[in-house]
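There are 2 protein chains.
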Amino acid sequence: MAPGKIQTPIALDAMGGDNAPDSVIRGAEMALIRHPGIKFLIFGNEPQILPMLKSRPALKAASEIVHTSHIIGSEDKPSIAVRRGRSSSMWLAIESVKEGRACAVVSAGNTGALMAISKLVLRTLPGVSRPAIAALFPTLRGECVMLDLGANVESDAQDLYRFAIMGDAFARAVLGLSRPRIGLLNVGSEELKGRTEVKEAAMLLKDSRLSLNFHGFIEGNDIAAGTVDVVVTDGFSGNIALKTAEGAARLIRTYLRDAFNSSPVAKVGGALAMGALKNVKDKLDDRKRNGAMFLGLAGIAVKSHGGADAYSFCNAVSVAVELVAHHINTRIMDEIGHIPAAKTSIKPETTEEGI
Amino acid sequence: MAPGKIQTPIALDAMGGDNAPDSVIRGAEMALIRHPGIKFLIFGNEPQILPMLKSRPALKAASEIVHTSHIIGSEDKPSIAVRRGRSSSMWLAIESVKEGRACAVVSAGNTGALMAISKLVLRTLPGVSRPAIAALFPTLRGECVMLDLGANVESDAQDLYRFAIMGDAFARAVLGLSRPRIGLLNVGSEELKGRTEVKEAAMLLKDSRLSLNFHGFIEGNDIAAGTVDVVVTDGFSGNIALKTAEGAARLIRTYLRDAFNSSPVAKVGGALAMGALKNVKDKLDDRKRNGAMFLGLAGIAVKSHGGADAYSFCNAVSVAVELVAHHINTRIMDEIGHIPAAKTSIKPETTEEGI
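One line per chain: the protein sequences are C and A, in this order.
All the letters of the first sequence, read from the start, carry residue numbers 64 to 418 under my numbering.
All the letters of the second sequence, read from the start, carry residue numbers 64 to 418 under my numbering.
Bear in mind the hints are in silico, worked out from the structure with no lab data behind them.
Do not take every clue at face value.
Same chains, same label: a pair holds when it works inside one copy or across any pair of copies.
[As the list claims (entries may be wrong)] When the alpha-carbon atoms are kept at most 27 Å apart in a straight line, the in silico DSSO-like pairs for lysine-lysine are as follows:
{"#": "1", "residue 1": "Lys346", "residue 2": "Lys330"}
{"#": "2", "residue 1": "Lys262", "residue 2": "Lys140"}
{"#": "3", "residue 1": "Lys269", "residue 2": "Lys140"}
{"#": "4", "residue 1": "Lys330", "residue 2": "Lys344"}
{"#": "5", "residue 1": "Lys344", "residue 2": "Lys161"}
{"#": "6", "residue 1": "Lys140", "residue 2": "Lys256"}
{"#": "7", "residue 1": "Lys161", "residue 2": "Lys123"}
{"#": "8", "residue 1": "Lys256", "residue 2": "Lys123"}
{"#": "9", "residue 1": "Lys330", "residue 2": "Lys341"}
Computed from a predicted structure; not experimentally measured.
Isolated chain C (complex conformation) (with noise of 0.2 Å):
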């Protein structure tokens, strides 16, 4: 992407997050190395940020604080925040990219409470009546863009079919591919096999006009295998199917450093491979794929991991940037308003949960 290409400021939410504003900071004034002219609007509390910003010179070049003492807690549940929190750092971020003023918004605050003010404020793209989370997810031939990640509890057939074209497009966009090869999650590749709504969006997406990629029916295991470049699926899954694999690799990553302390022979092995041992590490490091996108709004609104570090919220801020970009929504809007006879209803609310 060119980099120069990005005029309006990037909106950043500076007190959320468990290292909140320091992380945010600290992570911008890397994205700033890394997307030489990119701007901020930095929400959050002044007398913190600004001693900050003075020994950040480039930083406080490229931003403009805007000031509120109101903060969205962690634990608050997204109906209060939704209620109470209009003068929050989370909400005025959200309202910049809806006002023009920021091209995208990045915060490492509370999922619900995101999602929530995001899609009263941003609304949905026509035709999308569920937004969906989607991220990265580290595979045998690379990355693969997985959603949705838990902003939807239970999703239609319509709704995976614009997951779909939605996971697509950020796949264009993130991973830059240019015929992305998209899977529907299921628990067995035959045709027969199933829920019944998984069944159907199969059905959509092989008699669709546009043009997708579409692989057909996946199971758990193809994820990490990278047999698809987009895994589609409800939210319950897909965010039980994410946490579920964190927890496998930390289960291993635990079981090794017991084996590489479980003796001093074991232990100058895991010396000597050290090296090799901190490739793996990289390749599975959760920070460098940070930043999930809240797609299916009328806004770029990107989720960092709410212990994020700096180098994390960084990558989360890149995710914006590429998004931005790649203008990720024209390209949404361009296949959905192709489907015939697009659902605009907007459906009952089901969770207000995130990852």
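Please build the complex by placing chain A on the supplied structure of chain C, with the hints as guidance.
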């Protein structure tokens, strides 16, 4: 368990699985050493099986062969297997449990066919409308039971409630726990989160007068963390979680193998740490945990992995032995009999497939 207690033979489908009958016969031989005194009813092609028994006098003495040349293929549709499989080794083995000639059946054959035929021949336990597939999963604290792993693509609150009861009995029998902690898999641990049926199941479990140790909701990462001993979920999410974790483990193994081959120094390191790494491999060895039970049937049916080798098949036989010795179905019936207004209606079939 006291092996001498099992007087009735265990039925083996000698023709099911990729390595049948070889792995079945060699696995049975291993199981006989592990559980002296057990007997086998071996269903399959006698001209193939008999020569293998000739060189194994102890196994020969403990076994009776029931000849059939009909085999259900690994690709056969369950509906076809049910209609045309009546003289197959799988069907006859299941039937022998129904008729009391065997106390349990173990098969490495086609999961969908095994479930469909087992349901038809054995029927479900009173008060259970949907059987579930249960198996063990490695955790930071040891092992947990997870169910359903794919017998049903959809489950309502009453189903999930019964899965909890059945999983509890399984954990007591196979893991030897006195009060297994039970968790409901969800997308968040707060009470308001998740699908309606999951929230309703939580209420049933909380209000239950049964002596269940209900922990509450858990998330995907809690599975491998060992937060609970019994993970209860629907067959769609359970199947996806299990296979996603397997895929993640395979990804990490590949990364590690590549890392240890990446340089001469790393190779030496790997060689020095080999003993310790073998321990990790052993802990993650799926073969150790082979043997998924079809819980909720009026008879014990254990599914071995299709690709099982002899050691793996032997472990599936061990699962059957434990379940028989611990009177798993009596335990389940005791608990389910205490549910007020037990639901006994048979629901329409939504899937015939398993793991």
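For each hint, the structure was consulted:
1. Lys346 / Lys330: The answer is both: 22 Å in one copy and 19 Å across copies each meet 27 Å.
2. Lys262 / Lys140: Result: close only across copies, 17 Å inter versus 35 Å intra.
3. Lys269 / Lys140: The answer is between: 23 Å across copies meets 27 Å, while 40 Å in one copy does not.
4. Lys330 / Lys344: Both, since 17 Å and 17 Å are each at most 27 Å.
5. Lys344 / Lys161: neither (39 Å within a copy, 52 Å between copies)
6. Lys140 / Lys256: The answer is between: 11 Å across copies meets 27 Å, while 37 Å in one copy does not.
7. Lys161 / Lys123: within (24 Å within a copy, 78 Å between copies)
8. Lys256 / Lys123: So Lys256 and Lys123 fail the 27 Å test inside a copy (56 Å) and across (41 Å) alike.
9. Lys330 / Lys341: both (15 Å within a copy, 14 Å between copies)
Of the numbered hints stated above, those contradicted by the structure are hints 5 and 8, listed in ascending order.
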